[in-house]
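Peer 1: Chain residues, written in single-letter form:
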Amino acid sequence: MSAPELYGLLLTGGRSRRMQRDKASLDYAGKSQLARAMELLTPLVARCFVSIRSDQLHDPYRAAYDTIADIKPDLGPIGGIHAALHTYPERAWLILACDLPFLDRATLQHLIAHRASERMATAFRSSSDGLPEPLCAIFEPRSRQIIEQALLQGQQCPRSLLSRCDVELLQLPNPRALDNVNTGEEYAAAQAALAAAAAAPAPNDSGGVLRLNVRYFAVLREQAGRSAEQLETHASTPRELYEELRRRRGLTLAPEFLRVAVNDEFGDWRAPLADGDTVVFLPPVAGG
Amino acid sequence: MNRFSLHDTLLQPELLRAELQDPTCGGYAAFEGWVRDHNDGRTVLRLEYEAFGPLAVREGERILTEARQRFGVARARCAHRVGPLAIGDLAVWVAVSAAHRGEAFDACRYIIDEVKHRVPIWKKEYYLDGDSGWVNCERCAVAPSQPHRAHGSGQGRA
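Top to bottom, those sequences are chains A and B.
So for the first sequence, our numbering puts the first residue at 64; every next one is plus one.
So for the second sequence, our numbering puts the first residue at 867; every next one is plus one.
What the hints contain is simulated information worked out from the structure, not anything from laboratory work.
Hints may be right or wrong, so weigh each one.
Facing chain A, from chain B, some residues (calculated, C-beta under 10 Å) [to be verified]:
no.	residue
1	Gly899
2	Pro920
3	Arg928
4	Arg936
5	Ala942
6	Val958
7	Val960
8	Lys982
9	Arg984
10	Pro986
11	Arg1005
12	Val1008
Quick reminder that beta carbons are idealized off the backbone N, C-alpha and C, glycines included.
Start from the sequences and build out the full structure, keeping to the hints where you can.
Peer 2: Next comes the structure, spelled out in structure tokens:
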């Protein structure tokens, strides 16, 4: 069977009782958590929605996005998931809580890449207690019946809901990615951590030396006269590394014709490299 | 089901085909890419494929997943050769099974087109005149007429 198309849903209908402030509007480095989460999620899914309570219909922050309002009031996160699966029953849903300031694109990409559409859901195992994390997870259309049953039985805990589903459980690649923020103190700590990360110099800014692995393929392998090497370099990005290798190894290809891969995935020419990375410069391909 | 694989031995379509069988499917479409004896007006004697294995498989499987989602086909499979190949050899094999023929044809076409453009596999052709070349790479050099330092950033060089 083909996998149902994936839509995204950001849950923002919570009452934020412990925080006593709307978690969606919390500010991190000048941007609301609502905007940050939607920026992360939107490029990864076919369509993206904000899940709201019916009394939030006219909230200007939320109204900037496509919204899905809860059908039954006060059911918590399950109510939002239920409304989404009810409105678009043929779609799978990537569900995200609105209190995950450390969530990164790589974590969401990992979830999507390892999605098991033949099961009811795909979720991460919590790095703190090993249980499935329901609020950064993919729910397939076939999970709808279980959710409706849970609601009929007055069951509102998303964790116990997930434990009743047939779930594909994944290891979290970044153990902090799903740390959530429930209190004022946690918010202050998260703000400080994110500000420090933003202010920190790029890994090799200080003129440090990186040990990198380079692999060569096809025409570049022939020009370099080797298929791999380990080197120490002051280059801090793939762009700088390629300039250095062009001189050192006599490579003739202009970088605008190449793509770069870092650690077996397509990468960005300007993204900082880290010690131990494996870099591959990809000449124009010609398969088939 | 979707799977992309690389092979350094002959592809066996009759074995691969069995993976596409599905009771929900009434349509099956396959494409075979063969090694041709000429390219760009030159006589080709043989060729070699080289792949960046881990990323080739990953990108290939992304393409198959896209094809299944876009066209709603049930199963999609692609197998690609690496290593030396002779004229007439089967270089790439794509197949799709679906409820109906229309989406099977469309998905099959989509997969082979995307594979050619996105999967890190390279082809070296050996010509009758003794020359050889990497396809799509021959015009990618920095223009030789320009002095090399024109591209440098003014740093000293080793």
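Peer 1: All hints are to be evaluated individually against the structure, with a verdict given for each.
Peer 2: Verification of the hints:
{"no.": "1", "hint": "Gly899", "result": "holds (5 Å)"}
{"no.": "2", "hint": "Pro920", "result": "holds (4 Å)"}
{"no.": "3", "hint": "Arg928", "result": "holds (8 Å)"}
{"no.": "4", "hint": "Arg936", "result": "holds (9 Å)"}
{"no.": "5", "hint": "Ala942", "result": "holds (9 Å)"}
{"no.": "6", "hint": "Val958", "result": "holds (5 Å)"}
{"no.": "7", "hint": "Val960", "result": "holds (9 Å)"}
{"no.": "8", "hint": "Lys982", "result": "holds (4 Å)"}
{"no.": "9", "hint": "Arg984", "result": "holds (7 Å)"}
{"no.": "10", "hint": "Pro986", "result": "holds (5 Å)"}
{"no.": "11", "hint": "Arg1005", "result": "holds (8 Å)"}
{"no.": "12", "hint": "Val1008", "result": "holds (5 Å)"}
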